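Starting from the structure of chain D, add chain L where the hints point.
Protein sequence lines correspond, in order, to chains D and L. In this text, residue positions in the first sequence follow our numbering: the first is 1, and each later residue adds one. In this text, residue positions in the second sequence follow our numbering: the first is 1, and each later residue adds one.
Honestly, the hints are just simulated from the structure, not real lab data. All figures in this text were calculated on a predicted structure; none of them were measured in a lab. Be careful, since some hints might not be right.
[Claimed, not checked] Listed below are the simulated DMTMM-like cross-link pairs for lysine to aspartate or glutamate, each with C-alpha atoms no more than 20 Å apart in a straight line:
#	chain 1	residue 1	chain 2	residue 2
1	D	K61	D	E20
2	D	K49	L	D1
3	D	K108	L	D40
[Unchecked claim] Some chain D residues near chain L, calculated using beta-carbon distances under 10 Å:
#	residue
4	N32
5	F34
6	Y36
7	Q38
8	Q45
9	L46
10	F90
11	A92
12	N98
13	W103
14	A105
15	G106
The beta carbon of each residue, even a glycine, is placed where N, CA and C say it ideally should be.
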Amino acid sequence: AQSVSQHNHHVILSEAASLELGCNYSYGGTVNLFWYVQYPGQHLQLLLKYFSGDPLVKGIKGFEAEFIKSKFSFNLRKPSVQWSDTAEYFCAVLMDSNYQLIWGAGTKLIIKP
Amino acid sequence: DSGVTQTPKHLITATGQRVTLRCSPRSGDLSVYWYQQSLDQGLQFLIQYYNGEERAKGNILERFSAQQFPDLHSELNLSSLELGDSALYFCASSTPPDTQYFGPGTRLTVL
Numbered sequence: 001a002q003s004v005s006q007h008n009h010h011v012i013l014s015e016a017a018s019l020e021l022g023c024n025y026s027y028g029g030t031v032n033l034f035w036y037v038q039y040p041g042q043h044l045q046l047l048l049k050y051f052s053g054d055p056l057v058k059g060i061k062g063f064e065a066e067f068i069k070s071k072f073s074f075n076l077r078k079p080s081v082q083w084s085d086t087a088e089y090f091c092a093v094l095m096d097s098n099y100q101l102i103w104g105a106g107t108k109l110i111i112k113p
Numbered sequence: 001d002s003g004v005t006q007t008p009k010h011l012i013t014a015t016g017q018r019v020t021l022r023c024s025p026r027s028g029d030l031s032v033y034w035y036q037q038s039l040d041q042g043l044q045f046l047i048q049y050y051n052g053e054e055r056a057k058g059n060i061l062e063r064f065s066a067q068q069f070p071d072l073h074s075e076l077n078l079s080s081l082e083l084g085d086s087a088l089y090f091c092a093s094s095t096p097p098d099t100q101y102f103g104p105g106t107r108l109t110v111l
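The shape of chain D in the complex, shown without the other chains (with noise of 0.2 Å):
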């Protein structure tokens, strides 16, 4: 069955720090990929998006990601940390197969000041 992993359901950073969070997704057609952002009472945002092209993409925040299609991975990263990134994560795949956007579980980071 076609699904999204995140392997991190929870990380804890310091500021400053350098994140990066796991997707992988399970299929082998053409893909849409996603990160959302939801900070804390909030409802989800658009952090980036992968459609075609480069497969690094940078989103708003500092955030970028980069598709590596060979290993099925889509991580998010960014280089330094800020209290305010504190926010749950998903990434999300829409698969050429049934256009149904498939979303992963979430990873609640949490970033010490």
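Just chain L, lined up with the frame of chain D:
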């Protein structure tokens, strides 16, 4: 502001009751999606409508139903409410296969 609006923001009701949540999509978006988010279940996709027709179903209970009207707004009806239905209900809209944009959500509390 995503352009997706949801009403009401908060809803408090009793077990056994029925409520209706409303969503207006972004201008030009044809698809509406409903999600439930709770502490124990996380983010769950409920149902998708596209231009008035049901397109996909997720983990939606039989007590829940939805529809999309000709003006493209959507309503989610929750009936015979149980304590476990307390959650945040989000609506999102898109023109597939493009990005889904989320509304601010309705927080439902069932007492």
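Against the structure, the hints come out as follows:
{"no.": "1", "hint": "D/K61 <-> D/E20", "verdict": "holds (15 Å)"}
{"no.": "2", "hint": "D/K49 <-> L/D1", "verdict": "holds (18 Å)"}
{"no.": "3", "hint": "D/K108 <-> L/D40", "verdict": "holds (14 Å)"}
{"no.": "4", "hint": "N32", "verdict": "holds (6 Å)"}
{"no.": "5", "hint": "F34", "verdict": "holds (7 Å)"}
{"no.": "6", "hint": "Y36", "verdict": "holds (8 Å)"}
{"no.": "7", "hint": "Q38", "verdict": "holds (8 Å)"}
{"no.": "8", "hint": "Q45", "verdict": "holds (7 Å)"}
{"no.": "9", "hint": "L46", "verdict": "holds (6 Å)"}
{"no.": "10", "hint": "F90", "verdict": "holds (7 Å)"}
{"no.": "11", "hint": "A92", "verdict": "holds (8 Å)"}
{"no.": "12", "hint": "N98", "verdict": "holds (8 Å)"}
{"no.": "13", "hint": "W103", "verdict": "holds (6 Å)"}
{"no.": "14", "hint": "A105", "verdict": "holds (6 Å)"}
{"no.": "15", "hint": "G106", "verdict": "holds (6 Å)"}
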